[in-house]
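Following the hints, complete the assembly by docking chains B, C and D onto the known chain A.
Quick note, the sequences are listed as chains A, B, C and D, same order. Under the numbering used here, residues 1 to 333 are what the first sequence spells out, in order. Under the numbering used here, residues 1 to 333 are what the second sequence spells out, in order. Under the numbering used here, residues 1 to 333 are what the third sequence spells out, in order. Under the numbering used here, residues 1 to 333 are what the fourth sequence spells out, in order.
Don't take every hint at face value.
Claimed, not checked - Quick look at which bits of chain C chain B covers, simulated, 3 or more residues with Cβ under 8 Å:
| # | region |
| --- | --- |
| 1 | 80 to 91 |
| 2 | 136 to 150 |
| 3 | 227 to 234 |
Claimed, not checked - Which stretches of chain B does chain D cover? Using the computed rule of at least three CB atoms under 8 Å from a CB of chain D, they are:
| # | region |
| --- | --- |
| 4 | 129 to 139 |
| 5 | 228 to 238 |
If you are wondering where the hints come from, they were derived from the structure by calculation, not from laboratory data. The beta carbon of each residue, even a glycine, is placed where N, CA and C say it ideally should be.
Protein chains: 4
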Amino acid sequence: MRVPVNNYNPDFNITRASHAVWSVKDLDASEAFYTQVLGFVVTAREADTLYLRGLEETCHHSLALVKRDGAPTCDRIGLRVYTEDDLDKARAYFLKAGLPNAFVEVPHQGRTLQASDPLGTALEFCATMPAVERKLTQFHTYLGGCAQRFDHYQVLLPDLEAAGEFYTDIGFRLSEYMVDATEKLMALFVQRKGNPHDIAIMYGRGPRIHHVAYTTVDVHTLIRACDVAGSLGYGRSVERGPQRHGPGHALFVYFRDPDGHRVELFNTHYLTLDIENAPARWDPSNIHRNLPWGLPAQRSWYEEATAFTGVDLRDTPVKPNPMTLERYLFERS
Amino acid sequence: MRVPVNNYNPDFNITRASHAVWSVKDLDASEAFYTQVLGFVVTAREADTLYLRGLEETCHHSLALVKRDGAPTCDRIGLRVYTEDDLDKARAYFLKAGLPNAFVEVPHQGRTLQASDPLGTALEFCATMPAVERKLTQFHTYLGGCAQRFDHYQVLLPDLEAAGEFYTDIGFRLSEYMVDATEKLMALFVQRKGNPHDIAIMYGRGPRIHHVAYTTVDVHTLIRACDVAGSLGYGRSVERGPQRHGPGHALFVYFRDPDGHRVELFNTHYLTLDIENAPARWDPSNIHRNLPWGLPAQRSWYEEATAFTGVDLRDTPVKPNPMTLERYLFERS
Amino acid sequence: MRVPVNNYNPDFNITRASHAVWSVKDLDASEAFYTQVLGFVVTAREADTLYLRGLEETCHHSLALVKRDGAPTCDRIGLRVYTEDDLDKARAYFLKAGLPNAFVEVPHQGRTLQASDPLGTALEFCATMPAVERKLTQFHTYLGGCAQRFDHYQVLLPDLEAAGEFYTDIGFRLSEYMVDATEKLMALFVQRKGNPHDIAIMYGRGPRIHHVAYTTVDVHTLIRACDVAGSLGYGRSVERGPQRHGPGHALFVYFRDPDGHRVELFNTHYLTLDIENAPARWDPSNIHRNLPWGLPAQRSWYEEATAFTGVDLRDTPVKPNPMTLERYLFERS
Amino acid sequence: MRVPVNNYNPDFNITRASHAVWSVKDLDASEAFYTQVLGFVVTAREADTLYLRGLEETCHHSLALVKRDGAPTCDRIGLRVYTEDDLDKARAYFLKAGLPNAFVEVPHQGRTLQASDPLGTALEFCATMPAVERKLTQFHTYLGGCAQRFDHYQVLLPDLEAAGEFYTDIGFRLSEYMVDATEKLMALFVQRKGNPHDIAIMYGRGPRIHHVAYTTVDVHTLIRACDVAGSLGYGRSVERGPQRHGPGHALFVYFRDPDGHRVELFNTHYLTLDIENAPARWDPSNIHRNLPWGLPAQRSWYEEATAFTGVDLRDTPVKPNPMTLERYLFERS
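So here's chain A without its partners, still in its complex pose (with noise of 0.2 Å):
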């Protein structure tokens, strides 16, 4: 195992994560759930793509959805750079580290480098969007699970060793980790934006995208998102939760969209910003630290993950075996 070592002088500024674009095979569908269920709002709705953000986001979009049949799966995973001129460095990097890249249009966006991670992860840069309202104080126009903004995103890759050199590598500060008995890494937490995640990056078969996660505005309006999909016919869409995580501490609820793309609503991290805050090492079968209470989640949420449009998954050498309701429930009994 090789635990990843921060890089405090990256060749370009990356800000925060910021953005997913994923199919769904019906927008009225989506629209209907994102904005009643989860509290987003509609930036605009065209011919075959919905934009969305959250309430107190300014940028255009932070999450695209597009209309297409088949398997549900993920665009493209997106990332703010701070300037333009950060937008070049990046390209020079990946160049440099025989990466894919190149600068392509996408609509309501500034200049837009697309890349992939090593591991085959579709990612874009951009430094800018439109900037649109910023929706805070419309507090009459709060709906459901009142999504705030696109805080990190998780993602499923079957070699953490790779995925840590490169995170860091591009700057990416390593904020919490998990290292099983056999000392592998589990589970790498990085950050850009200072709190504990802007990337939650899990061992598993992939690339895969197991959620994005938006902020929440407190306990109340994350049972509120719970409470109005029962009472709209989406019970069943609540995956997990309310719980609390061990790892970044927050207390969540993860929901399945109607094509089964994963959001947790989340509330409640840490700020992590200065250069003395060591990262802190979990220890993935410990059930007391790693799940404060309750019960574990459901095989579902182990398993189950978008894949990224186009590109093949590889499997993990090791299948992780975690500690899944199923099999928590069976032990016991």
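Structure of chains B, C and D alone, referenced to chain A:
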């Protein structure tokens, strides 16, 4: 099936469900759990008994824990009548009904009538207890789940027709009930104090007490109970929830105390005082109505309960087959 | 001073304070305010009357707004009795007491007895209303302050000895009261439904209705009411709070509706059902007990209230001198 | 008026506002207030100094209280730079700018550079502090207001053009600002860590520190701080709130500590990291925008603040005339 018929002119005036007496193995362990995790107030700790109450209660105790080895049992469940006169009328009622009854001396309670319902449930009635300080505004003493007051209890009884007849006869009013596809009564929620239930009566091997339920301030203190349980090492005592009930509509968490007795914390119920409020009928097989969101309870929640001290258990003629978490996961896979 | 003495065997059975009828100048303006800011549900809007109820109420209305020009007044304040039989007994009581009373037809209410208390307060009693849907679990319809149910009302009356005698005689039970340094009664909190008050009676020029009070879910919906008031341009309608009452202990906010009628939203009260619960005595000059934190209310809160339609006002023999915000700031500077 | 212009390439990298040093008369009184009412954690108490931090902070202290008689003052306000190298660059900057500066030894801090801004504000910069335990998940230790972390501070300065020029030059980014009807700058909110402010700079006699602001969990802990203040006898220390800011949008409460120093608890702010996020301009005379609901602050909130130890105060050329509560009540009556 016979749906119980309300009796608006009962022989005596019960005001509310009020207290329970449970045996525990270790008073220190119980005191730590009840005060720190659930937020109970200790009124007194005597030789073998710990007297607890909620933050808003002025009664001497709503939970009495008696140190005793052996399988944990429930000695009595308590109900309040309005006046001493009602006690005498209650006595006359039980005599006439041919049900076991006796006036006894119970420490820290007014004159107490102990009696059994037709299924053998060990009840006791009193009109008064010594009044102690209401701690409601001593906010600096609020701990963990901030248990506020004894609201109701749930029993498992093997004959709901008999139970319904008895409890409505002594004045309980039916607020909600469940009838399965075979037109069998599966649950009765009956009340005296004007919210949905003082007693929840479920069909099952019994008489057993399934849980006592205390109100808490709001969703925040509900989560705080879980979080404190986690940080003090009681994380697995969170047996079910946070989740929303269908019947009753409360947001709840169920805890198992160190002896396995079950305590529910919940908030949010409704007022049901007006004569035109008709009982609500539920279909227990409709998961979408009974469990607005999230997963069913694990098997232990359905099967485990506390027997009454020295009272024989009777099986139900037909074994209930609830939608347990195990069954749900199995059927879905 | 005579502290009222509870009468545990009243002539008829009042169950709760239940509704009010107010005149307003503009039904559209009122509907917008009550539904969007306070979260009321519209049961019906007829020619000149808007019928509103709270989210958990099954009664047809708890607030009826009647369009009428001129100074806004209160036509009636409503109380529920348990059965039709109680209505007849109430009639007999008022006849015997020589107080004005008459059975009248009121739309969307059962048989209704209108009567006056000895100070001229316009009351009406009914046993039933048509039952409508309880919206409690329609979480997607929750708006603004999520008003849940009519809990109590406050009147200003110029003779608290007379008021106390009357209201305890008809069965109200004293839960809390205020006595000033001259041993003069300044406030009476009386109840039927088991929480601290169905009626709060304050010493003052009257009879006038100071406010009706609705429960809300929790502190979050209390703040949400304020926030929505702000974002919809009703920010100055927040007259007082959020703050914590001394007497009653509720967390509250007072709003002024477009006609100046006052509505309190609050949560958190306590149960007071047991015979040994003694009335709590308060000293109104003790700001630290009556106002646990923050500043006193502005003068308008003490001085402004809604007169009853066609009922003459009587001054108090001695003008109350409450600790208003203005006085507090002046004395402190 | 000159609106400050952001400098995206500052000479050194400040990461956040981080700590303050205040004199107090009685360390016991301060410890009781800060721990029980506001929920601070004591890291250490030495001879004359109490070191406090918030529940989520790993830094040794974010508030140092020094016992000293005489008028309470502020010794220093602290800012973090990212690395030791940034400290040297900061030193070079202050030397070049001709502003007072010196490296000094400060207990429990890394190498510390003390310096003054052009208005005389006593600043200090360091890159590290000894790391201590993050108490975030020790939920059973949460008290009162659950202060979580130092977020920002507010100063009163008599020249906002000069202040704006200095703070943007050292890399602070303008998020919001106020301009009055005479086109005079009245307030600047500048930030480094990506939320609306690390420093709020108000026009006024100064330099003085108006308050330090700590995040709290949510509205419930905000109210809990008030309630505990009330039940422990500090009810009048609640100077302002709970209320919602216009600028910054936070829900807040202001407390005065036993020496009169002001501490704000607040939750809910927004992320502002993207290059296209333009500063928001506010009109201070618009009460509806600046104070979405409720009443203005009392005069003390506008006029009282803590001077810096040994630093002379300068009046503003024109006396600000804010909409105080006193003025609002007077003009309305």
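Here is what the structure says about each hint:
{"no.": "1", "hint": "80 to 91", "in the structure": "holds (count 3)"}
{"no.": "2", "hint": "136 to 150", "in the structure": "holds (count 4)"}
{"no.": "3", "hint": "227 to 234", "in the structure": "violated (count 0)"}
{"no.": "4", "hint": "129 to 139", "in the structure": "holds (count 3)"}
{"no.": "5", "hint": "228 to 238", "in the structure": "holds (count 4)"}
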